[in-house]
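Could you build the full structure based on these sequences and the hints that come with them?
2 protein chains.
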Amino acid sequence: MSNKRIIVVGGSAAGPKAASRARRLDEHAEITIIQKAADLSMASCGYPYYVGGFFDDRSQLLCSPAGVVRDSKFFWNAKKITTRVNTQVLAIHPEKKSVEFLNPETDKTEFMEYDKLILATGATARKPPIPGVDLEGITTLQSMPDADYLRNIRDEGTIKKAVVIGGGLIGIETVEALHLAGIEITLVELLPQLLTFLDEQMARLVEKYVQTKVNVILKNGVAAFLGENGKLTAVKLNDGTEIPCDLAVMAIGVTPNSKLAKDAGLTIGATGGVVVNGYMQTSNPDIYAVGDCIEVPNLITQKPVHAPYGDLANLQGRVAGENVIAGNVAKFTGTIQTGICKVFDYGVGATGLSEQNARRMGFNNIETVINASLDKPGFMKGNLLITKLVVDKSSGLILGAQVIGPGDVSKQVAIWAMAVKAKFTVDDMANADLPYAPPFSLAIDHSIATAHIMQNKLKRFFNGISAEQLKEKLQNKEPMLLLDVRNPDEFEQMRLGIGEKLIPLGQLRKRIDEMPADKNTEIITWCKISLRGYEAALILQAHGYTNVKVFEGGIMVWPWTREK
Amino acid sequence: MSNKRIIVVGGSAAGPKAASRARRLDEHAEITIIQKAADLSMASCGYPYYVGGFFDDRSQLLCSPAGVVRDSKFFWNAKKITTRVNTQVLAIHPEKKSVEFLNPETDKTEFMEYDKLILATGATARKPPIPGVDLEGITTLQSMPDADYLRNIRDEGTIKKAVVIGGGLIGIETVEALHLAGIEITLVELLPQLLTFLDEQMARLVEKYVQTKVNVILKNGVAAFLGENGKLTAVKLNDGTEIPCDLAVMAIGVTPNSKLAKDAGLTIGATGGVVVNGYMQTSNPDIYAVGDCIEVPNLITQKPVHAPYGDLANLQGRVAGENVIAGNVAKFTGTIQTGICKVFDYGVGATGLSEQNARRMGFNNIETVINASLDKPGFMKGNLLITKLVVDKSSGLILGAQVIGPGDVSKQVAIWAMAVKAKFTVDDMANADLPYAPPFSLAIDHSIATAHIMQNKLKRFFNGISAEQLKEKLQNKEPMLLLDVRNPDEFEQMRLGIGEKLIPLGQLRKRIDEMPADKNTEIITWCKISLRGYEAALILQAHGYTNVKVFEGGIMVWPWTREK
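Going down the list, the sequences are from chains W and G. Using our numbering, you'd call the opening residue of the first sequence number 1 and step up by one each time. Using our numbering, you'd call the opening residue of the second sequence number 1001 and step up by one each time.
Heads up, a few of these hints could be off.
Pairs of lysine-lysine residues, derived as DSBU-like cross-links and limited to a Cα-Cα distance of at most 35 Å, are as follows [to be verified]: (1) W/K381 - G/K1160; (2) W/K262 - W/K381; (3) W/K303 - G/K1004; (4) G/K1393 - W/K393; (5) W/K331 - W/K97; (6) W/K331 - G/K1160.
Some chain G residues well away from chain W (every beta-carbon gap over 10 Å; in silico) [what the hints assert, rightly or not]: (7) E1184; (8) R1359; (9) P1516.
Just so you know, the hints here were simulated from the structure itself, not pulled from any lab data. Just so you know, even glycine gets a beta-carbon here, dropped at the ideal spot from N, CA and C.
If you want it as structure tokens, here you go:
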């Protein structure tokens, strides 16, 4: 039997992973990676941190864990994988099982035959044909040359003002990187909120924090890039505003590079990604596809999604690499779309479905809660975490969670990601057995406490109200009693100032006669995080009040300006 | 209907939680906590950090999240719960449904009747009758007075030498606390290893690290405490060694306080803990028990265990508090015995079964792997994590995991705790969808990579060998080829020096003729963390070598002295 010939198109994350896995399982296969770019195995998720100066040695983006740059020599010596960089694949010919590419040395077209082909062609940052888009000073942050360009701007220090377009993950990371480079930033987002994997209130809290560092403009798009002598001088927004700047970074999402696949007759999905089965096999059984160029099922909705995450690319690459050698034995079944980003001193992450996504996907019977607490005890210098949990109301099935704050967001999102993947209900989470010691968590972990609050809500022990709902009631001037139940000194230091009455929880029972005579009066209770607000609501209900609501998360989740 | 009378015996963690939960669900119940100690709701897990000077305000151990000390006044005002502190319960009379206690003001016996009783009597630190045990300078670290005593020693600064007896969680935390107080410490443990929830090799790695801070003596117990004028001057060990010291802290475990329950005729288990069902109900349906005085099922073995953890105490208290009000509606089904502690700059944690515990419990068909890697990329200043994973070989069911190192251990243990609770198999974990961004993790999270290595082992892609097994082979002078496949500069900086040959992975294929002619020769391969060691093993196997083993975890998990 002759050696198996494997060609991998794409040399960033998923491609090299697939090639390496194939090599480990078959020492004798002939494995070739064809890579359009000059570099291989770039840690592309690390670009913002290189630009932001978290480290200075560019080669760290290309290194193996042992500190060796993963260039063509490395791939050959360590893995016996042939790599052809700066090489563009022009076409796939499935009927001949060959790949047509341009040899950069000869500038001539060549053909290479495969037994199995793996497409890992990635995605391209969107750059719509806005007037002026080709001016100097406009870039994306998606490739190694992009990272080099922006890092050079940091090192030169001449650019003072920049506009970042797009408030998604990459946009937010770019904002931080450029801010750390000492550049004054305006972030422009077309939608009414940042980070659309978050629900509006959570996004608003992130926005409030980002506003402390940079200028944020929502619901506004770019009408044109203005320039002089071919260089960018300002960004003109849809509403006519002109923002002077020397640099604009477009981060308005990516499009799967599926043209090669489409031209080869492979099935392409509605998202634009290549369609694959659980084995990462395309509609042609000898062609596999992995990474940012494909679509995969969302495991909750079973609907296909384009999920261009570096971790999934690696997992998919590992599966395809095994299957091209061993036959279809390994599976990647889909994603719950877990994601996280660092925003200065905040972590912002989510897993599963947000409330707005769940509703869009047809989940109508859902319940949510917001919980705010420290990640570990105050005496261990705990930091705030805010979680929004989304569950199916009848079954208690956990559909998703969003977590933000200066606390240990990464651990919280990991816990919820496991819960969603395990199809846990709220009751399962209520007795989760997590590692507790004061340096690491509260005795009742923030995630478990969130499940407890949800249990209380599902058992109808209390009714909740969100900041948005409360704001709407205020705007509609609905008659209600607003009750802050903290201590007077806390009230002096910080308060909403929306017409609330202060009755400390410890006095509420004695001062119950100060409550309205009409037991049907709507009463909204809260404290700093609304644990005491919850206890106050229970007392009022026990005294016959029928329309009491707890402002969930309390003052810590009020995303607008407070009186103090 | 008259108000329900609830008595809670015990006011530390589980008791107040149960009482508070009962209050929230029934505003009119008459709820009393009877507490032997002077304080209430002490954050007892925080004692070591108070002693160690992580914070200076003692009242922080007693505060609510809003910063109010939880004393009797607080419990009455905020929760309408009566508390009787400094009050010892003398007996329970189930037939009369009453509790007999000593009124500290009158010094007379009183009786109080209950409809439902909750026992939260805790556990007591063991203090065996060793000669000299009553000398001044010998303490435990389990109560608020203990914490006050040791904190005072820190503040006075006169004590220079101490012995800590017991290398479990509390012993290790005490070692850190006293070391931070500038005291020279010797840690003495009777068993051949520290932290028995870890397997030996993992414990050895922790020991090696602890040895860099304090003196550790294993396999040695205390024969006597020596003193002058009633004050401790030295600890005499079983082997005759005398260790001069002014302070000794005994941390050799706790015993459930189940005497009251036993005397009242309640069923006590083999662990010494009160037997309860999933509703936290004892053998008497009107008496519930929670916290460190009970035993609960281990959810993997279904065997009862004594699991005195603060987080479980709170969860159990919440369940009992609900059930005494609403009938048996809430459940706590058991524990997977997740635990963690901080050891200077290391985290040390575990969940589920260790290999030694699994074997003891009759799991004979198990597989393990050790994985060492950074927690996040090197360019983000990642720190080392070492994980040992234990699974059932035939089903791939995850039985437990142990994680140690300076990296983010807490998140890793939380992930594995969720996996064990969810009854995940290795295949489930191999495609876990965890939050990835460079500030938080590697593209393939350490936990997922651990599952991948286990998959490779279960699929028999490679054979592994542990540090102990390798050491044993060395001691037996077994003929084998030892192969380090790192780069020469790495070899110069650090190496085991146990007779190994260096062939960098990138040269192995070219130098395959340097390998023994006998293809059955035993060959052990490794690198720093053994990823390259694994690749080398695959190459050798592909060249016909039949007896190749990867030293799992590589140099990073060698728990003995290296040549350099």
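Against the structure, the hints:
1. Between W/K381 and G/K1160 the alpha-carbon distance is near 29 Å, which keeps this suggested pair within the 35 Å criterion.
2. Taking the CA atoms of W/K262 and W/K381, the gap is near 54 Å; set against the 35 Å cutoff, the hint is violated.
3. With a C-alpha separation of about 52 Å, the suggested pairing of W/K303 with G/K1004 is violated against the 35 Å cut-off.
4. For the given pair, G/K1393 sits about 38 Å from W/K393 by alpha-carbon distance, which is inconsistent with the 35 Å threshold.
5. Straight-line distance between C-alpha atoms of W/K331 and W/K97 comes to about 24 Å, which keeps the hinted pair within the 35 Å bound.
6. Only pairs whose Cα atoms come within 35 Å are accepted, and W/K331 paired with G/K1160 is rejected, the gap being roughly 60 Å.
7. Against the 10 Å criterion, G/E1184 stays outside the reach of chain W, whose nearest CB is about 23 Å from its own CB.
8. Every CB of chain W lies more than 10 Å from the CB of G/R1359, the least distance being 22 Å, so the non-interface label holds.
9. No Cβ of chain W approaches the Cβ of G/P1516 within 10 Å, the least distance being about 18 Å, so the stated non-interface status holds.
The structure is inconsistent with the numbered hints 2, 3, 4, 6, although it conforms to all the rest.
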